Amino acid sequence: MAFARNQWYVAAYGSEVGRELLARTVLGEPLVLYRTGAGEAVALADRCVHRRYPLSESRLDGDTIVCGYHGFTYDQTGSCVFVPGQQRIPRTARVAAYPVVEQDSFVWVFIGDRDRADPTTIPRAPWLTDPRYAVVRGMAPLNARYGLLVDNLMDLSHETYLHGGYIGTPEVANTPITTEVDDERGIVYVSRHMDDAECPPFYARSTGIQGRITRWQDIEYHPPCLYLLHSRIAPQGVYPPAQGEDTEAFHAEIVYAITPSTENTTYDFWAVARDFAIDDESVSEYLHQSNHTVVMQDVTALNILEQVIAAEPEKYQELSINIDTGGLAARRLLARMVDAGRVEATR
Amino acid sequence: MSGPARMLTGDRVYRIHWMPGTDILRGVCHCGAERVAEEPVELWEWLLAHPQGHHSPVPPAPEVPTRTAVPA
Ligand code: FES
Ligand SMILES: [Fe+2]
Numbered sequence: 001m002a003f004a005r006n007q008w009y010v011a012a013y014g015s016e017v018g019r020e021l022l023a024r025t026v027l028g029e030p031l032v033l034y035r036t037g038a039g040e041a042v043a044l045a046d047r048c049v050h051r052r053y054p055l056s057e058s059r060l061d062g063d064t065i066v067c068g069y070h071g072f073t074y075d076q077t078g079s080c081v082f083v084p085g086q087q088r089i090p091r092t093a094r095v096a097a098y099p100v101v102e103q104d105s106f107v108w109v110f111i112g113d114r115d116r117a118d119p120t121t122i123p124r125a126p127w128l129t130d131p132r133y134a135v136v137r138g139m140a141p142l143n144a145r146y147g148l149l150v151d152n153l154m155d156l157s158h159e160t161y162l163h164g165g166y167i168g169t170p171e172v173a174n175t176p177i178t179t180e181v182d183d184e185r186g187i188v189y190v191s192r193h194m195d196d197a198e199c200p201p202f203y204a205r206s207t208g209i210q211g212r213i214t215r216w217q218d219i220e221y222h223p224p225c226l227y228l229l230h231s232r233i234a235p236q237g238v239y240p241p242a243q244g245e246d247t248e249a250f251h252a253e254i255v256y257a258i259t260p261s262t263e264n265t266t267y268d269f270w271a272v273a274r275d276f277a278i279d280d281e282s283v284s285e286y287l288h289q290s291n292h293t294v295v296m297q298d299v300t301a302l303n304i305l306e307q308v309i310a311a312e313p314e315k316y317q318e319l320s321i322n323i324d325t326g327g328l329a330a331r332r333l334l335a336r337m338v339d340a341g342r343v344e345a346t347r
Numbered sequence: 001m002s003g004p005a006r007m008l009t010g011d012r013v014y015r016i017h018w019m020p021g022t023d024i025l026r027g028v029c030h031c032g033a034e035r036v037a038e039e040p041v042e043l044w045e046w047l048l049a050h051p052q053g054h055h056s057p058v059p060p061a062p063e064v065p066t067r068t069a070v071p072a
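Protein sequences appear in the order of chains A and B.
The opening position of the first sequence corresponds to residue 1 in my numbering, with each subsequent residue numbered one higher.
The opening position of the second sequence corresponds to residue 1 in my numbering, with each subsequent residue numbered one higher.
To be clear, the hints were calculated from the coordinates, so they are not data collected in a lab.
All values reported here derive from a predicted model rather than from experimental measurement.
The beta carbon of each residue, even a glycine, is placed where N, CA and C say it ideally should be.
Some hints could be false.
A partial selection of chain B residues facing chain A, derived with a Cβ cut-off under 10 Å [what the hints assert, rightly or not]: (1) 6; (2) 9; (3) 12; (4) 13; (5) 16; (6) 17; (7) 21; (8) 23; (9) 33; (10) 36; (11) 38; (12) 39; (13) 43.
Quick list of the computed label-pair ranges, beta carbon to beta carbon [as the list claims (entries may be wrong)]: (14) A:285 with B:22: 41 to 47 Å; (15) B:23 with A:115: 37 to 43 Å; (16) B:24 with A:130: 26 to 32 Å; (17) A:241 with B:8: 32 to 38 Å; (18) B:52 with A:162: 34 to 40 Å; (19) B:24 with A:102: 45 to 51 Å; (20) A:279 with B:24: 45 to 51 Å; (21) B:48 with A:86: 56 to 62 Å; (22) A:77 with B:48: 25 to 31 Å; (23) A:68 with B:48: 48 to 54 Å.
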């Protein structure tokens, strides 16, 4: 699957970017990330113009990077401000600087034609920095193409089979979904509202609910990168009031950033924000451990799938059924974004 | 009680409802055209072809479902 250029992607958590140089490859482009003394996050191309040495293997001197091979020195705009042994700095001595926006605990970078970078188009995940929520999170590198993670997250019926004993129960696979596509805004929404479901350990242990639940899963995918799962858990039969706050229910906002690294590798950023037991460290620990386990179950499965697909001829055939309605919609929006990025690039 | 069927509120929203208790999918276009199907590939194709084939106020009878293989 090709990449959608001229889009924003999560390159890191803000907490990962500091005074150490961090290497990340996004859409096949090697980046080096760091934070200036004033606290601004910077993303530069991770290849010295001189002999291509990775700047991420170099060192920071104040807000500049000094190449670890022969000392070419770059400022935060990517301009070379020093070369060894001579006064004249060649005019072309610069590395690309990427537009960066820090928002909702993520460091977003724009991959493409930087004149097209509009920060107002970045989708939001406000719960990750909202003091009324407690957040656990992580990042798992995936040895699989990003499309496989999109497929995986768009169809949660796999929870019943791949994540039984954690988040999956029989009702997930058995409950019909409604799928919506907003063609103008580029959003896919998949609702699965389970009126009477078993409570999986993930929620039984974290909420303390005993007995059956009303469980809603509302997926909101903002391709290419941001995936939100609004999860509502309540004692069976408890629905939101017609007006006012939904105080009888427990809410978890599950956020993924799906960032293609190379053709066959992906960064899987995951976070779980909850509005209950927010001061209870043991709940945080439990949810972190459980969600990490769930993510790794997906990673293992998708890494296997990548090997299978990579070894197959180009036009293998697959079969789609009702559960795939949301995934098919996501693929279509992604394909459109890939095309748009290509057309713009050749103009 | 079942959940709300409409979550997105834009002017160009396409919807596919999986009818509870059945294997049937019902596609609803923003123009009001509707159609049922037994698998999603063909139904998306029809929906996204809007306005082509969406004129009829009466939903066309369901076609004989065909399993369509999709290239990934
Ligand atoms: S490769 Fe960086 S200075 Fe030579
Ligand atoms: Fe239509």
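Hint by hint, here is what the structure shows:
no., hint, verdict
1, 6, "holds, 7 Å"
2, 9, "holds, 8 Å"
3, 12, "holds, 4 Å"
4, 13, "holds, 5 Å"
5, 16, "holds, 5 Å"
6, 17, "holds, 5 Å"
7, 21, "holds, 8 Å"
8, 23, "holds, 7 Å"
9, 33, "violated, 15 Å"
10, 36, "violated, 12 Å"
11, 38, "holds, 8 Å"
12, 39, "holds, 6 Å"
13, 43, "holds, 8 Å"
14, A:285 with B:22: 41 to 47 Å, "holds, 43 Å"
15, B:23 with A:115: 37 to 43 Å, "violated, 49 Å"
16, B:24 with A:130: 26 to 32 Å, "violated, 40 Å"
17, A:241 with B:8: 32 to 38 Å, "violated, 22 Å"
18, B:52 with A:162: 34 to 40 Å, "holds, 39 Å"
19, B:24 with A:102: 45 to 51 Å, "holds, 46 Å"
20, A:279 with B:24: 45 to 51 Å, "holds, 47 Å"
21, B:48 with A:86: 56 to 62 Å, "holds, 60 Å"
22, A:77 with B:48: 25 to 31 Å, "violated, 43 Å"
23, A:68 with B:48: 48 to 54 Å, "holds, 51 Å"
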